[in-house]
Structures are given as C-alpha cells and as structure tokens.
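Got chain W; can you put chain X on it based on the hints?
One-letter residues, chain by chain:
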Amino acid sequence: MGQVGAAAVCAIIALTVVIGFVKELPVFTLFCEGAGSGAETAFRLLPTLIGLITAITMLRASGVIELITHVLEPMFGQLGMDPEIVPLVLLRPLSGSGAVSYVTELMAEHGADADVSRMAAILSSSTETTFYAAAVYFGGRGYRSVCYTVPAALCGDLAAVVLSVLSIRLFG
Amino acid sequence: MLDRIWAVMILLSFLTAAATGRLTELSVSIGDGAQRAVETVFLLTGGMCLWSGIMRVAEGAGITKALSRFMFPVISVLFPKYAKNEAIREKIALNIAANMFGMGNAATPAGLQAMDAMQTLEKGDRPGGEMIRFVVLNTAAFQLIPSSVVMLRSSYGSENPYDIMVHIWLVSLGSLMAALAACRVFEKLWDR
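So the sequence lines, in the order shown, correspond to chains W and X. In terms of my numbering, the first sequence opens at residue 1 and continues consecutively. In terms of my numbering, the second sequence opens at residue 1 and continues consecutively.
For reference, chain W alone in the conformation it holds in the complex (with noise of 0.2 Å):
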C-alpha cells in the first residue's frame, strides 16, 4: 500500500506533464511560472513560522506540558484511558513534529503492537497540527479577529481523542 502511495505521486506528474505536452502547451514555462509562485508562498510563510514555531518552542521547554499532563493524568486514569496518551494529545495540535517524536518514543518503549502505541499512531494521524494550519492560513492576512476558527478546530480535535480510545475499544 505505500508503494500504492508512492506510484500515485509519480502517475500524478507524469501524467500532468504529457497530458499538458500533448495539447501543446509550453509544459516547462508554466511550470517554472508555478514553481516562483511556490517560492514566493514558502517565503511568505516565514514571519508566521517564525513567530509560531518560536512560540511552541518555548512552550516545550519551559515543562508546561509536562506540568498539565500531570494534572490531567488522573482524569485521563479515571475514564480508562492510558495517561501516557496526555502529552501526545496536548502536543499534537501545537506541533507535527513533536508529536511524531513522541509517538517513535511510545512505540520504542512498548512495541508497535502495544495499545498505547496504536492508539498514538491513530491520534496522531487523524488530526493535523490546528495551531499551524490556522497560522498559516490565517497569518499575515491583516485580519483583527479570526473568530471561532481555534474553538472550532479544537473540537475536532478533542473529538478525536474520544473516537481514538472508542475505536480501538470496539474494533481491537
């Protein structure tokens, strides 16, 4: 199923390219016409980035994370579920990266079969990472109030957390 993954990629651009080769048109000059504009978005990403990623890293090592995991943990404890979850369900809207090193240190500990690490691995890729996306979306576009967007996102994403622990209860 990867390779399905990785052969679709490929099929994708290749087609792209003949199919716009075979009704004429100038491929490579669009293309390169595309591509400055991808530059121009990546560089435009780069204050919001900043200041958000800045942000998070502070967040991470000041311990906040670890010092709320601790409050919530018997909550977590007391409705069944494993509180070693806590701080991947706290790090996953803030940051991919750090939620993916978490789940590699879950599955190191455990093994991928364990219940604890499945369950990561499905919180972990049925959500995205709210506080970036909404940045990037939203960054540098002049705007005073983004409204409900951060409530709402978090709703999915604490919805998430539930139908992770219900799904392996009931699928295995």
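Think of the hints as simulated: they come from the structure by calculation, not from any bench. A hint or two may mislead.
The calculated lysine to aspartate or glutamate pairs, modelled on DMTMM-like cross-linking and capped at a C-alpha distance of 20 Å, are [as the list claims (entries may be wrong)]:
| hint | chain 1 | residue 1 | chain 2 | residue 2 |
| --- | --- | --- | --- | --- |
| 1 | X | K84 | X | E122 |
| 2 | X | K65 | X | E86 |
| 3 | X | K65 | W | E24 |
| 4 | W | K23 | W | E33 |
| 5 | X | K81 | X | D116 |
| 6 | W | K23 | X | E59 |
| 7 | X | K65 | W | E33 |
| 8 | X | K123 | X | D191 |
| 9 | X | K81 | X | E122 |
Using the frame of chain W, we list chain X on its own:
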C-alpha cells in the same frame, strides 16, 4: 484570537520556566525556535515550488477544471457561496484532493491561493464564515493512506502496520464532522 494565543503561549512559558527554574533552557529555546522556523521553510520550499509548478501545468491542461467539476457536489455543500466561482472552486478542489493523498506540499499553496481569492471578495477586518470553514477543514485533514505512520509502525516491528487504517479513516472522518458541526454552531452564536 491569534494575537491572544501567541501572547498566552509566550507568557505561559515564561512563568512556568521561572517557577520551575528552567529559564536557561527557555532562553536557549528562543534562538532554536527561530532557526527551526527558517529550516522548516527551507525544507518546504522545494516541494512547494515543485507542486505549484505541476499545478500550473495541470491548470493549463484543464485537469484541475475536470477535478473541480468532479468534486463539485462536495464543494457546493461545504462552500455554497464560493462553489460558483470557478477559480476558487478549482483551488479548493486541489487543496482537498492533495490533502486526501497526503501531499501537504501541494495542498498548502493551493489552499493559500484559495484564501487569497476569497479574501479579495470578502471585505472587513475578520474572515467570512466559509473562509473559517475552509481553514478548519485544513486543521482536520482526512488522509486516504496514512503512509508516514504506517512506515513508522513497520520500522518498529509491527506485525501488520496497516491494521489501524480503518480506525484512522473512521476517527479522522468523525473528527472532521465534529469540527464542521462546531463551525456551524459557533457561526450562529458568534454574531449575537
């Protein structure tokens, strides 16, 4: 909102670090964070340029038009106001399709172009309801083949790294529905 979240993040890290005696670590992390952001943008740039280029060819060849026509039923339900605008609909279709195939580097430029186009039609100092829904959709992306986690699991000796795929589909669809439902509810509450 973003202003408030950013300020709270920084204040919270300062207070926690001061209380737990980790101010040295915190000061080191500030420089690291800024540098990591630049590295992230550098790592993104190649993929973004490549996919923006391919998407430009696909536009010229009429492929994105076909895709957006194919996805019209979904897009017109989610974004009734902008589904009639062909340029915006094409970008939204590309963004959703790229997200489903796990091609984030293609999804982001298409999504930003869709946002740019929507912003020119939307006056005021806050985004419109459909712009918010579009961003929320991108915070809850649905992926057909979660290849990176499958690879991670197989490298840690999982007997069947794909056995969580159905779980992931169900959980991500459910969380997507919850996020969209929350949008609908908050949209009504917000104006009052």
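Hints, one by one, checked against the model:
| no. | hint | in the structure |
| --- | --- | --- |
| 1 | X:K84 - X:E122 | holds (15 Å) |
| 2 | X:K65 - X:E86 | holds (8 Å) |
| 3 | X:K65 - W:E24 | holds (18 Å) |
| 4 | W:K23 - W:E33 | holds (18 Å) |
| 5 | X:K81 - X:D116 | holds (15 Å) |
| 6 | W:K23 - X:E59 | holds (12 Å) |
| 7 | X:K65 - W:E33 | holds (19 Å) |
| 8 | X:K123 - X:D191 | holds (16 Å) |
| 9 | X:K81 - X:E122 | holds (11 Å) |
Consistency with the previously given hints is maintained throughout, with no hint failing.
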